[in-house]
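Given the coordinates of chain G, assemble chains C and H onto it according to the supplied hints.
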Amino acid sequence: MIGTWRVLEHHLMVYRRTWKGGMFVSFASPILFLAAMGIGLGSLIARGPVRTVGGVSYLAFLAPGLLAATAMQTAFVEETYPIMAKLQWLRTYDGMLATPLTIGNLLGGEIGWLAVRQAITAITFFIVLVIFGTVSSVAAVLMIPVAVLNGLAFGLPIMAFSATQRKDKGFPVIGRFIITPLFLLGGVFFPIQRLPQLAQVIAWLTPLAHSVALARSLAIGGSNGSAAIHLAVPATYVVVGIAAAGITLRRRLVQ
Amino acid sequence: MIAILAGRRPAQVPAARRASHLVERNAILYRREWSLIVSGFFEPLLYLLAIGYGVGSLVGSAVTLNGHPIPYAAFVAPALMATSAMNGAVYETAFNFFYKLKYVKLYDAVLATPLGVADVALGEIVWALIRGTLYALGFLIVMAGLGLIASPWAILALPAAMLIGFTFAAVGTAASTFVRTWQDFDLVLIVMIPLFLFSATFYPITLYPGALQLVVQLTPLYHGVDLLRSLTTGSIGPGLVGDLVYLVVLGGAALLLAAVRLQRLLLK
Amino acid sequence: MAISPSDTTALIHARGLSKRFANLVAVDAIDFDVDRGEAFGFLGPNGAGKTSTMRMIGCVSTPSSGTLSVLGMNPITDGPRIRARLGVVPQADTLDMELHVDENLFTYARYFDIPRDVARRRAKELLEFVQLNDRAKDEVEPLSGGMKRRLTIARALVNEPDLLLLDEPTTGLDPQARHLVWDRLYRLKQQGVTIVLTSHYMDEAEQLCDRLVVMDKAKIVASGSPRSLIDRYATREVLELRFKIDAAPALDGKLEGIADRVEVLPDRVLLYTQDGDAAAAAVHERGLQPESTLVRRSTLEDVFLRLTGRSLIE
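Chains as they are written, first to last, in my numbering: chain G, 1 to 255; chain C, 1001 to 1268; chain H, 2001 to 2314.
No lab work stands behind these hints: they were computed from the structure. Among these hints, one or two may not hold up.
Said to hold, decoys possible - Below, simulated DSS-like cross-link-like pairs (lysine-lysine); rule was C-alpha separation at most 25 Å, straight line:
#1 H:Lys2189 <-> H:Lys2148
#2 H:Lys2148 <-> C:Lys1105
#3 H:Lys2148 <-> H:Lys2137
#4 G:Lys167 <-> C:Lys1102
#5 H:Lys2148 <-> H:Lys2124
#6 C:Lys1102 <-> G:Lys169
#7 C:Lys1105 <-> H:Lys2137
#8 H:Lys2189 <-> H:Lys2124
#9 C:Lys1105 <-> G:Lys169
#10 H:Lys2148 <-> C:Lys1102
#11 G:Lys169 <-> H:Lys2137
#12 H:Lys2137 <-> H:Lys2124
#13 G:Lys167 <-> H:Lys2148
#14 G:Lys167 <-> C:Lys1105
#15 H:Lys2148 <-> G:Lys169
#16 H:Lys2254 <-> H:Lys2244
#17 G:Lys167 <-> H:Lys2244
Excised from the complex, chain G in its bound form:
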């Protein structure tokens, strides 16, 4: 446990110097999307056939979805190139393993760090949502842990994948074929029910659709009947991700 804390401490220390770099992807970019799509496009939708989406303005519909999607994107950014760097380019892990730290500590430290990173992003974003006036219930604050869970559900399997890669060529492929399609079609910008049947099934197999649905019901205050399943799917990804990352990291670092 203490070893894990030491690894986490390392990440926090690095972050103190580099936090500016990730600011744009994590904060500014989603806020810009919220302004352009939520307000600009929202005013078009208000004149369209449905006027409101799920009973609320398009801005209020979009905001919780963007919160969850940002967690996914942060996970992608944090668990691809930085992991490759620590494994191969900077050899940070090799340095750590030359001390009493274990691979379990490395993994624990990474998970802790990812959770912290996700929480920072989610809390900031939540404050932005309050300023935009899209938060109407106290329960909405629970969107923050939902976003963190979603971030871990994407981050840990991606980390497991990154630990198997010797080149960075696979990362853009994940970005193009998993992250961007989910961002655009996973229920963030329009209700998932408007997708073709097959696409809906695929979407519900991913953590994002569930996290978006749960965050949205918390923000808008609708029914939370399926909360259990909306938590169970991302949680399953987290558990499988931890196990997989444990295996691939060990295989990579212990030769």
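Structure of chains C and H alone, referenced to chain G:
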């Protein structure tokens, strides 16, 4: 034998033939990485599906052009095409160019051959244009297949997309000469993402308050979007001339700046 | 200073050649000529101005003042035409990491406008010449330092250059890799290729150069053949003595008269003499007990030490 005066070096005129060899080098690389090229088609199509049709079903016929409602997908598609031309050109120049310039020192090797700085810049911009043209062509074909083209003027959308690609390739090359570290690319994104979101991409510029409309009209992607949208929807007007002049002037100025900066960077 | 009698035959001709940067004089009014078919060396420590000189010859850096002609042309106005006939091996490898080994040679040949079939054939021949033919389809990154260097040399030969410029061709290579590179360069020399190289290794210059100049602090401080420089600025043999730490002060005056010249370095004492063994015997006769003694032939390193008072590689 000529005595040399300090600092006098005639600017080299680029030779198309020499520049073409750099294009060939990139083609050799991408012959192997063809999947990268193909997947580049993917993103604008996804946006078209998600925003044009998914969100479009919420918008209905709320968008009008010259008083007539048009399908939202037909409204958004040319804007996505312009954005894709911008993105492709900037990534290929600013990011790849920086990588080759600073990281792998590729151009140090190239400049030891008969190729000069101007040839290098021209070669990279031409390469970016070739890729961009392929993407634009693919996207136009998809638009036609989906019935999103309302006018024969759309045939000019291909050269128009090439012009947008040229302008942003020149801007990207110039920008890359100012970049010192990878962190500086955040600045490039900080410019590109707002351009993408606010250049009347997803809704008519008339939705903005008057002052903001003016600001948007000062930015480059807006003119690209306006140009392509006019052509594919067939709403041809005098505004097109303004779009063309803006893009040509900006591209030319950026090209000049890039050439001067590169000369200074590579020939110390 | 050796100036070739007929300037017209010189492949490179420089008079008063200088390169100044904002607050630094990198090359300070140097004169030299390189003739067809010879191997010519610039020797000196880091920062002596060797690379700046090479870059001016390679037409990628504009001289600040002075005269320079390369292959009878003016580097400022005829850059592309001159570079078409040069082969350049830069100090740091600038291989195209995104392309495979053979593609590196092929694309480089294309930069010279060499037809595709000729480029392909030459790439194959050159890979054989530098003994990399079994790595033709491999990526560049995993190659060893010596292999990358040989690939860079092969690349520089792809246009069958009249003049080959090598900037520190073996710096950072292990002894084996180094000898392999030397062997290939020696063969090129035998084939009549004109070679200009920079080095801070004296043994490299002795191995490869017909003529060389020693540079220090932006100026040429000596020139001639390796042998003539040794004859002029050193003795036939050198006796190297190592003493226990702190023993140096006790030596005061005790070595006088044993050698033509004595250099006391931080870690050892060098005695320049015609007969090293005799000098060693004399040292022992005087009751001195060095930890180790070594008799060797004098080298350009000793020349450099003599000329500048400093060791060549800090």
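Verification of the hints:
no. : hint                    : result
1   : H:Lys2189 <-> H:Lys2148 : holds, 21 Å
2   : H:Lys2148 <-> C:Lys1105 : holds, 15 Å
3   : H:Lys2148 <-> H:Lys2137 : holds, 14 Å
4   : G:Lys167 <-> C:Lys1102  : holds, 20 Å
5   : H:Lys2148 <-> H:Lys2124 : holds, 16 Å
6   : C:Lys1102 <-> G:Lys169  : holds, 20 Å
7   : C:Lys1105 <-> H:Lys2137 : holds, 22 Å
8   : H:Lys2189 <-> H:Lys2124 : holds, 21 Å
9   : C:Lys1105 <-> G:Lys169  : holds, 21 Å
10  : H:Lys2148 <-> C:Lys1102 : holds, 19 Å
11  : G:Lys169 <-> H:Lys2137  : holds, 19 Å
12  : H:Lys2137 <-> H:Lys2124 : holds, 11 Å
13  : G:Lys167 <-> H:Lys2148  : holds, 20 Å
14  : G:Lys167 <-> C:Lys1105  : holds, 20 Å
15  : H:Lys2148 <-> G:Lys169  : holds, 23 Å
16  : H:Lys2254 <-> H:Lys2244 : holds, 16 Å
17  : G:Lys167 <-> H:Lys2244  : violated, 52 Å
Comparing the model with each earlier hint shows a violation of hint 17 alone; every other hint is respected.
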